[in-house]
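Combine the two chains into a complex, taking the hints into account.
As given, the protein sequences belong to chains C and V, one line each in that order.
For the first sequence, the numbering used here begins at 211 and goes up steadily by one.
For the second sequence, the numbering used here begins at 10 and goes up steadily by one.
Derived by calculation from the structure, the hints in this document are not laboratory data.
Be aware that one or more of the hints could be misleading.
[Claimed, not checked] Some, not all, of what chain C presents toward chain V, calculated at C-beta under 10 Å:
hint, residue
1, 253
2, 312
3, 317
[As the list claims (entries may be wrong)] Here are some chain C residues the structure puts well away from chain V; computed CB gaps all over 12 Å:
hint, residue
4, 270
5, 280
6, 281
7, 284
8, 291
9, 293
[To be verified] Calculated lysine to aspartate or glutamate pairs in the DMTMM-like style (CA-CA distance at most 25 Å, straight line):
hint, chain 1, residue 1, chain 2, residue 2
10, C, 316, V, 72
11, C, 248, V, 31
12, C, 266, C, 234
13, C, 248, V, 96
14, C, 311, V, 72
15, C, 316, V, 97
16, V, 73, V, 61
17, V, 29, V, 61
18, V, 29, C, 252
19, C, 264, V, 111
20, C, 215, V, 111
21, C, 316, V, 61
22, C, 278, V, 111
23, C, 248, C, 269
Note that beta-carbon positions come from the ideal geometry of N, C-alpha and C, so glycine has one too.
Spelled out, the chains give:
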Amino acid sequence: DQQVKQNSPSLSVQEGRISILNCDYTNSMFDYFLWYKKYPAEGPTFLISISSIKDKNEDGRFTVFLNKSAKHLSLHIVPSQPGDSAVYFCAASASQGGSEKLVFGKGTKLTVNP
Amino acid sequence: GAVVSQHPSRVICKSGTSVKIECRSLDFQATTMFWYRQFPKQSLMLMATSNEGSKATYEQGVEKDKFLINHASLTLSTLTVTSAHPEDSSFYICSASPSNYEQYFGPGTRLTVT
Chain C
211 DQQVKQNSPS LSVQEGRISI LNCDYTNSMF DYFLWYKKYP AEGPTFLISI SSIKDKNEDG
271 RFTVFLNKSA KHLSLHIVPS QPGDSAVYFC AASASQGGSE KLVFGKGTKL TVNP
Chain V
10 GAVVSQHPSR VICKSGTSVK IECRSLDFQA TTMFWYRQFP KQSLMLMATS NEGSKATYEQ
70 GVEKDKFLIN HASLTLSTLT VTSAHPEDSS FYICSASPSN YEQYFGPGTR LTVT
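Bound conformation, chain V alone (with noise of 0.2 Å):
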């Protein structure tokens, strides 16, 4: 139990270009999402917080017309990339959670922007 799945595993796109990301639990409903993002040998980096049936909450720093999050069921959210750089190129994993603590993350997804 506790399945939680990522689409693509890996996408390639063009600079200025956008790209969706779709998060899934598979078997649990999760009234929260979460979407991180990982940099080479760094640790998990909270980017914001996806609740359902209502606007995303950021953390400091992340640009939220940039990186658009859409939490449209209790298994379903999205981040969508727009306008891609380079510099987003990352590991992007997300996570959701059936408790009040417990997250269980998805296989993550290799962005590189070319």
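Bound-form chain C, shown alone (with noise of 0.2 Å):
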């Protein structure tokens, strides 16, 4: 049963232009949303999170929406730049007694063109 659901495996977009990486997840008690950014050989590096009291969080430009009804949380990136080709990693966690158990989606190949 896969709770995190990143659907696309891939994605090519323009330099210049937005990527949007699209999340799903079913477990209602998830109330903490993380994105990672990887490259082939390395750890994950955190790029942006989200508590589930807000719906939007950015952060340069990077951006999280977070549709709590639907399930749903999305990262966009404007304007999308070479170097942010890579694998990105959503992730969600439940305040289980501050376990900090992540779980991971299978990742989405982002391919950012010149």
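In structure tokens form, the structure reads like this:
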């Protein structure tokens, strides 16, 4: 049972345009969501997060939107740059005694073409 | 800040031997550390949650006697793969958390068992 789903395994966009990466979850206990960026053979790098009490969080070119009723979140990257090319993982956490356990999606490979 | 290191970055061992992987939080204390495994083109799978001074909590399906985890201090956790077999070959990644939710990941360790 996959609790965090990233249904698009890959996405290709032109430099300067917007990249939109989507993520759906099924567990209503999740209350904190994170996006990570990962290059091959490296550990994930934390990008941005959002608490369930918010519906939007912005950090520079990165914005995460959360739609709790739809159990859906998305990461917007504007403008996209070739250096953004990587695999992006969506992750979710539930406040289970502060266990901090993260559940990851399978990732979306973003390619930004010059 | 929030740097996590792993050592070694790559290791090749013979079948039947044991391999130890270290995970260190360099500039913060982490009460909890996590160990993940990533198969090619797949998501990060949580193996176990490691709490300083207590036994690790293993995810379902992970053999605790095969994957020994020790969280000796607030900045160091080790994963020992005992009696390694070729199917244990994988990319192992640790993470550490200085707060309740964010996790910062190490660069990963590529284990190849021949």
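Here is how each hint holds up against the structure:
Interface restraint check: residue 253 of chain C against chain V, minimum CB-CB distance 4 Å, threshold 10 Å, status holds. Interface restraint check: residue 312 of chain C against chain V, minimum CB-CB distance 6 Å, threshold 10 Å, status holds. For residue 317 of chain C, the shortest C-beta to C-beta distance to chain V is roughly 6 Å, which falls under 10 Å, so the interface hint holds. Distance check on residue 270 of chain C: its Cβ is at least 17 Å (rounded) from any Cβ of chain V, clearing the 12 Å threshold; non-interface status holds.
Every C-beta of chain V lies more than 12 Å from that of residue 280 of chain C, the closest at about 22 Å, which supports listing it as non-interface. At roughly 18 Å, the least C-beta separation between residue 281 of chain C and chain V is larger than 12 Å, which holds for a residue marked as non-interface. Remark: the non-interface label on residue 284 of chain C is consistent with the geometry, its nearest Cβ contact in chain V lying 18 Å away (cut-off 12 Å). Separation of residue 291 of chain C from chain V is adequate, the least Cβ-Cβ distance of about 22 Å exceeding the 12 Å criterion.
Residue placement check: residue 293 of chain C keeps its beta carbon more than 12 Å from all beta carbons of chain V (closest about 18 Å). For the given pair, residue 316 of chain C sits about 23 Å from residue 72 of chain V by alpha-carbon distance, which is consistent with the 25 Å threshold. Distance restraint check for residue 248 of chain C and residue 31 of chain V: the Cα-Cα separation of roughly 20 Å lies within the 25 Å cut-off, and the hinted pair is therefore satisfied. The straight-line distance between the Cα atoms of residue 266 of chain C and residue 234 of chain C is roughly 16 Å, inside the 25 Å bound, and the hint therefore holds.
In summary, the hint linking residue 248 of chain C to residue 96 of chain V is supported, as the alpha carbons are separated by about 24 Å, within the 25 Å threshold. Only pairs whose Cα atoms come within 25 Å are accepted, and residue 311 of chain C paired with residue 72 of chain V is accepted, the gap being roughly 19 Å. For the suggested pair residue 316 of chain C and residue 97 of chain V, the alpha carbons sit about 20 Å apart, so the restraint of at most 25 Å is met. The straight-line distance between the Cα atoms of residue 73 of chain V and residue 61 of chain V is roughly 17 Å, inside the 25 Å bound, and the hint therefore holds.
Using a Cα cut-off of 25 Å, the hinted pair residue 29 of chain V and residue 61 of chain V holds, with the two alpha carbons roughly 18 Å apart. Between residue 29 of chain V and residue 252 of chain C the alpha-carbon distance is near 19 Å, which keeps this suggested pair within the 25 Å criterion. With a CA separation close to 17 Å, the supplied pair residue 264 of chain C and residue 111 of chain V stays within the 25 Å bound. Between residue 215 of chain C and residue 111 of chain V, the direct Cα distance comes to roughly 20 Å. Compliance with the 25 Å bound is thereby established for this hinted pair.
At roughly 29 Å between alpha-carbon atoms, residue 316 of chain C and residue 61 of chain V are farther apart than 25 Å, so this suggested pair is violated. Distance hint between residue 278 of chain C and residue 111 of chain V is fulfilled; the C-alpha atoms sit about 20 Å from each other, no more than 25 Å. Taking the CA atoms of residue 248 of chain C and residue 269 of chain C, the gap is about 18 Å. The hint holds against a cut of 25 Å.
In summary, the structure is inconsistent with hint 21 from the numbered list given earlier, while agreeing with all the others.
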